[in-house]
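For the record, the sequence lines run as chains X and D.
For what it's worth, the working numbering labels the leading residue of the first sequence as 1, then goes sequentially.
For what it's worth, the working numbering labels the leading residue of the second sequence as 1, then goes sequentially.
By construction, these hints were calculated from the structure, which means they are not laboratory data.
All values derive from a computational prediction rather than experimental measurement.
Check the hints yourself; a few may be wrong.
To be verified - A few chain D residues that face chain X, going by a derived Cβ cut-off under 7 angstroms, partial list only:
#1 P21
#2 K52
#3 K53
#4 G56
#5 E57
#6 D127
#7 L174
#8 L211
#9 T229
#10 K235
#11 T244
Think of the CB as a built atom: it goes at the ideal place given N, C-alpha and C, for glycine as much as any other residue.
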Amino acid sequence: MKVARSLLGKALVVVEHNNAKVSPATLAAVTAASKLGEVTALVAGKGSKSVVDEISKIQGIAKVLAVDSAEYEHGLPENFAPLVKKVQDENKFTHIVAAHTTFGKGVLPRAAALLDTQSVSDVIGVKDENTFLRSTYAGNALASVKSSQALNILSVRPTSFDKAAQGGSASVAQVAATGESGLTKWLADEVDTSGKPDLTSARVVVSGGRGLKAPENFKLLYSLADKIGNCAVGATRAVVDAGFVSNDLQVGQTGKIVAPELYIAVGLSGAIQHLAGMKDSKVIACINTDPEAPIFSVSDYGLEGDLFDAVPKLIAGL
Amino acid sequence: LKALVSIKRVIDYTVKVRVRPDKLGVIKDNVKHSCNPFDEIAVEQAVRMKEKKLVGEIVAVSIGGPKSVEVLRGSALALGVDRAIHVKLPSDNDDVESLAVAKILHKIAEKEKPDVILTGKQAIDDDSCAVPQMLAGLLGWSQATFISELEVAGKTAKICRETDAGMQRLEVSLPSVISCDLRLNEPRYAKLPEIMKAKKKPLQEITADSLGVSTQPKIQILEVADPPTRAAGRKVKTVEELITKLKTEAKVI
């Protein structure tokens with residue numbers, strides 16, 4: 001993908017990673033940044049050389065700024081924000097971009113405050129270097145905004161931009177570490193290591209709601225997901241609150257926003273806040289006993305039926 | 001410890017929001033408003049900390065038009081908050097950008113000197129999810145965002161936060177800016193005796209100007225639009241029909 005030479009902007013992408021691999025969400029941020037001008041990637045981590053190597057080979061990246069130091073190991077905003085400020089002061093980018101994820105949400109606004117800049121969150125479209133589209137009111141009001149700031153800081157919705165492909169060859173320069181802030185100590189990350197497909201990037205998502213009735217019934221959805229392949233399992237807020245599944249499965253306005261090829265909504269009514277998280281899916285199918293459930297109004301295919309009957313049939317028939 | 005809680009009056013989460021005919025915002029007149037649900041969780045947490053004698057005084061602040069006093073009295077003072085500060089905007093339709101909100105709270109924090117600032121993780125109207133992080137940056141404090149567990153112990157607090165991948169545990173130094181997520185607690189309902197007491201609790205009205213903070217926006221809203229509508233779908237009668245449609249028509253399986 002060629003960067004248009006007419007773009008005058010210089011964008012910095014703050015790379016999210018786990019010290020081993022670049023996060024898929026960051027690749028979407030690179031695409032968004034490419035619409036703004038020449039893209040530089042900032043990789044701060046500990047033992048993160050493979051991340052530097054990987055991002056330097058992504059199309060659209062002209063330069064990589066790298067720093068490897070203990071304080072960046074866990075993505076702590078108290079350590080990342082001063083680094084972003086320093087890199088910005090030294091390089092005067094026109095845009096700073098990251099994905100609107102836990103990491104991006106933590107770091108970018110803090111950095112924006114240090115840079116006296118009003119950041120723009122959850123950007124779903126880039127019209128030009130100063131004009132952006134963002135989601136408000138759980139996706140029920142899309143705001144087209146124009147900024148006159150010399151620096152714009154954007155967190156972008158990963159599902160709104162294609163992931164940048166491989167094929168680049170960027171130069172790498174080291175930057176100095178800004179030190180440990182001493183404010184916050186990382187204790188532990190409790191994450192799912194089962195290797196199941198990632199909710200925000202799986203081709204298909206199957207989600208369950210209160211209709212599942214009990215935690216053990218989620219087994220049905222996991223079986224369906226296994227049968228479909230490259231399929232992740234999601235959930236509504238209600239069942240996460242009830243402890244049926246862990247919080248990282250929550251799809252919705254304040255959970256994860258997903259936009260898979262196919263979203264199958266099982267035993268969930270389709271509250272406004274849940275729809276916010278999945279209504280951009282290419283195809284939506286639902287299974288629900290209540291024909292008046294709001295989920296039917298956004299579904300391409302709606303099956304009025306009992307999921308305990310339908311899901312096993314679906315697993316058998318696929 | 002002293003707690004400062006920031007709350008916002010927003011359109012109620014049950015309301016189906018409609019874009020204004022002039023496409024510069026959403027319809028707010030005669031629409032039900034209430035306290036931002038995540039801010040209610042923040043208030044509840046402060047009150048529980050006070051009940052456990054971890055916190056001595058709780059001050060609530062809200063930046064908004066005249067009707068914001070309703071959430072200060074009904075969702076803060078009536079639940080156990082000691083006093084309130086209303087940073088009054090001229091109209092209930094006025095919006096203030098997150099950086100300006102953070103600067104206002106920064107000025108108030110400099111005066112009030114809290115040990116913890118609690119607020120919701122995001123406002124369900126703007127969905128920016130930025131104020132707590134910005135405020136922590138301005139103050140140079142630790143930030144504990146999206147928390148589902150909070151355990152204060154002297155000069156630090158152990159927190160558990162909800163992340164994209166699961167949970168993360170951190171130990172943050174106090175003072176700290178804390179943003180609350182859904183599963184931190186379940187807010188109580190105000191009881192009549194407390195509602196009556198709330199009428200007599202101090203509620204101070206100030207302006208952003210008096211704090212030396214400009215509410216002039218840096219970002220201009222060009223247009224607010226409805227989201228794209230999906231074409232109407234259809235009901236299928238059997239699982240077999242669903243599978244066939246997904247395979248041959250939608251071609252997603």
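| field | D/G56 as chain X interface residue, shortest Cβ-Cβ below 7 angstroms | value | violated (24 angstroms)
| said: Checking hints one by one. Is D/E57 an interface residue toward chain X, by the C-beta closer than 7 angstroms rule? | reply: Since the shortest Cβ distance to chain X is 24 angstroms, the answer is violated.
| said: Is the interface hint satisfied for D/L211? The criterion is a beta-carbon contact with chain X at less than 7 angstroms. | reply: With a closest approach of 16 angstroms, the D/L211 hint is violated.
| Holds or violated: D/L174 as interface residue toward chain X, Cβ cutoff 7 angstroms? | Not OK, violated: D/L174 not within 7 angstroms of chain X, min 10 angstroms.
| How about D/K53: closest beta carbon in chain X under 7 angstroms, or not? | With a minimum Cβ separation of about 25 angstroms from chain X (threshold 7 angstroms), the hint on D/K53 is violated.
| message | Is the interface hint satisfied for D/T244? The criterion is a beta-carbon contact with chain X at less than 7 angstroms. | response | Violated, about 9 angstroms.
| chain X contact restraint on D/K235 - CB to CB distance below 7 angstroms | holds (5 angstroms)
| query | Would the hint on D/D127 stand, with a C-beta cut-off of 7 angstroms toward chain X? | reply | Holds, because the Cβ-Cβ distance from D/D127 to chain X comes to roughly 5 angstroms (cut-off 7 angstroms).
| message | For the restraint on D/P21, tell me whether the closest CB of chain X is nearer than 7 angstroms. | response | The hint is violated - D/P21 has no Cβ within 7 angstroms of chain X, the shortest such distance being about 13 angstroms.
| message | D/K52 was flagged as interface toward chain X. Is the shortest Cβ-Cβ separation under 7 angstroms? | response | violated (22 angstroms)
| message | Under 7 angstroms is the threshold here; is the Cβ of D/T229 close enough to any Cβ of chain X for the hint to stand? | response | violated (9 angstroms)
Consistency with the previously given hints fails for numbers 1, 2, 3, 4, 5, 7, 8, 9, 11, ordered from lowest to highest.
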